[in-house]
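J.: Residue numbers (our numbering), protein chains in the order written: chain A, 1 to 105; chain B, 1 to 416.
Please keep in mind that the hints were generated in silico from the structure rather than gathered at the bench. Don't take each hint at face value.
Here are the computed lysine-lysine pairs in the BS3-like style, where the Cα-Cα straight-line distance is at most 27 Å [stated by the list, open to error]: (1) A/Lys100 / B/Lys205; (2) A/Lys90 / B/Lys200; (3) A/Lys100 / A/Lys86.
Remember, it's a predicted structure, so these values are computed and weren't measured experimentally.
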Amino acid sequence: MTTALIADTTVDVDAEGFLVDAYQWNEQIADELAHDNGVDELTPRHWLVVRFMRDRWLETGNAPSIRALGKESGVPVKELYELFPKGPAKLAAKIGGIPKPRGCI
Amino acid sequence: MKKRIVILGGGTGGTLTANRLRRRFDSDELQVDVVDRDDRHVYQPGLLFVPFGLADPDEIVRPRHRQLRSGIGFHEAEIDAVELGAEHVRLADGHVLGYDALVVATGARLLPEETEGLTGPGWLERVFTFYDLDGAVALRAALDRFEGGRLVVNIADMPIKCPVAPIEFAFLADWFLRERGVRERTELVLSTPLDACFTKPVASKHLTYLLEEKQIELVTDFAAGEVDGVGGKLVSYDGREVPFDLLVTVPLHGGAAYVGRSPGLGDALDFIPADPHTLQAHAAPNVFTLGDATDLPSSKAGSVTHFEGELLDANIRCFLAGEELESTFDGHANCFVETGFHKALLIDFNYDTEPVPGRFPTALGPLPLLRESRLNHLGKLMFQWFYWHALLPGRDIPGVSPQMPTAGKQLDAITT
Numbered sequence: 001m002t003t004a005l006i007a008d009t010t011v012d013v014d015a016e017g018f019l020v021d022a023y024q025w026n027e028q029i030a031d032e033l034a035h036d037n038g039v040d041e042l043t044p045r046h047w048l049v050v051r052f053m054r055d056r057w058l059e060t061g062n063a064p065s066i067r068a069l070g071k072e073s074g075v076p077v078k079e080l081y082e083l084f085p086k087g088p089a090k091l092a093a094k095i096g097g098i099p100k101p102r103g104c105i
Numbered sequence: 001m002k003k004r005i006v007i008l009g010g011g012t013g014g015t016l017t018a019n020r021l022r023r024r025f026d027s028d029e030l031q032v033d034v035v036d037r038d039d040r041h042v043y044q045p046g047l048l049f050v051p052f053g054l055a056d057p058d059e060i061v062r063p064r065h066r067q068l069r070s071g072i073g074f075h076e077a078e079i080d081a082v083e084l085g086a087e088h089v090r091l092a093d094g095h096v097l098g099y100d101a102l103v104v105a106t107g108a109r110l111l112p113e114e115t116e117g118l119t120g121p122g123w124l125e126r127v128f129t130f131y132d133l134d135g136a137v138a139l140r141a142a143l144d145r146f147e148g149g150r151l152v153v154n155i156a157d158m159p160i161k162c163p164v165a166p167i168e169f170a171f172l173a174d175w176f177l178r179e180r181g182v183r184e185r186t187e188l189v190l191s192t193p194l195d196a197c198f199t200k201p202v203a204s205k206h207l208t209y210l211l212e213e214k215q216i217e218l219v220t221d222f223a224a225g226e227v228d229g230v231g232g233k234l235v236s237y238d239g240r241e242v243p244f245d246l247l248v249t250v251p252l253h254g255g256a257a258y259v260g261r262s263p264g265l266g267d268a269l270d271f272i273p274a275d276p277h278t279l280q281a282h283a284a285p286n287v288f289t290l291g292d293a294t295d296l297p298s299s300k301a302g303s304v305t306h307f308e309g310e311l312l313d314a315n316i317r318c319f320l321a322g323e324e325l326e327s328t329f330d331g332h333a334n335c336f337v338e339t340g341f342h343k344a345l346l347i348d349f350n351y352d353t354e355p356v357p358g359r360f361p362t363a364l365g366p367l368p369l370l371r372e373s374r375l376n377h378l379g380k381l382m383f384q385w386f387y388w389h390a391l392l393p394g395r396d397i398p399g400v401s402p403q404m405p406t407a408g409k410q411l412d413a414i415t416t
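Isolated chain B (complex conformation) (with noise of 0.2 Å):
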């Protein structure tokens, strides 16, 4: 009998995943069909670029239904709740989906309300974020036109996405008021409530030595708890002030909104948990989650949802088949970080194995880990095509396995 996937989300979890089915299963076998709120595609990683004008909006924005194979619904509409019992997804429009097996990919979602005063005065004006388009878009304006002073870039709370990507900002604010002459009466400051400037102890020490060479000032422990507009300070709980003239604020995240609204689904936080290896959520054994919408303890990057989606349509083929699941994934990232001026360094580690300095295997050479170079930055920005080319469609990037590779790297770096 032909069987249902509802797949909630059409980013990269989702879309890569409905692609992955649509080609191991013929259409008499399985019926896909997707659900987003809207039809616009954002390729994240160029987020990053746009306040810089390294990238323009509408370079990295698609249509959603595009990036699908023939023979996959899309439906645009919200998502009112999962009903688990009932096995079935209620949309907003009033349509009701019913489920052999339900991927849940909806991402995480930017709270920047929830943290007091952050949407208040001073918003969009001196206040801002990069973490969305419209966001990127009215830094850019902000950055073309800021003068000196105080530019301080803050992460509220973890978990967020892409936690290298506040450095990273960093970095490129260091070479972008460098190239426009203000970074001389600029202090740049990145301030984050982590004990270091990143979660991993040996790549933190190489991206503090690199922030302290672009005189960066690290505040670490500083968990932001009320940002004054006006005045231009942050607040951390615990009473100390952060002066600035410029906010570029990391939001808190959450889960999607009808996570909450769908008893049994997600967390506190409206995050999926799930088993870390098989990607199964607890809330049912139909049920299954990839990338930013899940709880796991990887990193929320598309490289690992797309590490994910590699091995997820294996392990609904599996339950389908009434087998036992057989993939597993080891929580496998790989991330360019950019430095600034034409270079990034790589880093690539899992659930067990932190970052480390060494040589990363690829068909095309291999590339230097938590060193700066240029084929670095050449990576990052070739990725893009491959993202649109070869990832969403669900064809593996040659050479560069689900995974972790431990050849060429350098474990004894490892101190603990």
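For reference, chain A alone in the conformation it holds in the complex (with noise of 0.2 Å):
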């Protein structure tokens, strides 16, 4: 575990510059994150997924697969890699200050 400067703050990062805690967050490192990352411009349908999977984890301790996203989120799996290129679930946790999804055994 390492510290970060994001937008100003420092934040706990893990080695692939996910956050440790997700209670350092705040919006302005998630634009700072999804710069660094290959997304320009957070739109309202990217902070759409954003919002669904940081809530989600606060919520069960979770975060939702791609598949689960695609059905509950609302925005089709398709789009999901149109907005967060590669992969959308691990993309939009980092973004979203929350821990690398788990992959599933």
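The two chains are supplied separately, each in an independent frame; assemble them into the complex guided by the hints.
T.: Rendered as structure tokens:
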């Protein structure tokens, strides 16, 4: 675990840049993390997904998988990949300041 | 007063739980009923061997009701829905079964139709799955007439049953095609949505080494969005393509369909959210679950179901007696991984400890972990006997405990 300065805030991050403490997160951090990870601007559709992921994690301690995200967030899987290239669940989790979704076993 | 237990599903978890409860309680104390849509119990680990002619369909299927002890009711019917408030299960044939405790053990369901194009043109012609018996039999014929080209093994998305099975399939295909003399003309590819061939880092490293040795190409981070069975290509959600001549796919999985018709019982994928240690469902205190039906972060594997089953009947006893639940499941899984040429390796792990090298103690002597050996292959073959004669009847397998043993494991192999 190391610390990083993101949007003028010092936060704890893991080796892959995921926030260790979800409560250190704020919207400015989300903007900067998005930008650093290839998402130039967070549109309302991005925010819908990021907030859905984050709320679900805060509520249950688990981040939804891409399939559950596609079924429950109202954003179809194909669009999720357009919004968050490569790994929507991973990237939305990172931007939302929650831990990397554990791979299913 | 006599209590009633209803068990949904007569597969591994349902059968062994029914048998253990029947042994634990007298008939005048407890009524045990099992419901399943059919009377065909498939030994699912055998499905891997069918496409290669190493097992025949009739060797791996037995009647479900014959695996149940006397004094257990068996209902062959579709389940319409569970009504949690009324504490009963409605069956499609009109029967209603009330319960004091319910066990959900209906496993996972294959959902090939949820991937665009998968069951369209080419399905069962050049696109197959070995995850059900009909598919495995059809694939056997296709492999027999395969004369080379690109053979792609694809995992649509997690979670799936037996996450090592697709890797085993690739290993066995390498062996099978070499025996048939067409391996030189075959490109063998494994594509996965994961960032490595397996979910656990140390085991992944060992398995990746074996894939390289067997010249099996690995495509990672590939989330299959569409299958073109005519053009012979898989297309990922982010627009990458993997061409194939023969596709062996592991389709998307979900829980049983009735779960979706039962308000409050399951999650978005119809799996059952539950306490990872007590197996009590979040839906209600008198609902328990085990095996592939759960949403737990353990493997969907027979060994997991078996270890859960060895603990679950004790918790059901506690619940019926109004006591605190005592048994805690640790996520223990134990899987033989066929690597071809009559060898296999063994992995043993739980929620907290990933598979590592070392030795696994058994009553018959130690088996090597994460290393290929003939002994492990024999272990895998022998297991089918244990399954029908010890595991399903609910007997404990000597020397193998439901909790993961740490003795013999090289735990310093874990770097994180």
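J.: All hints, please: hold or fail.
T.: Right, here's what the structure says about each hint:
Proposed proximity of A/Lys100 and B/Lys205 is supported: the alpha carbons are some 20 Å apart, at most 27 Å. Annotation: proposed proximity of A/Lys90 to B/Lys200 holds, straight-line Cα distance about 17 Å (limit 27 Å). A C-alpha spacing of about 14 Å is found between A/Lys100 and A/Lys86, which places the hinted pair at or below 27 Å, so the restraint holds.
Violated hints for the displayed structure: none, as all numbered hints are satisfied.
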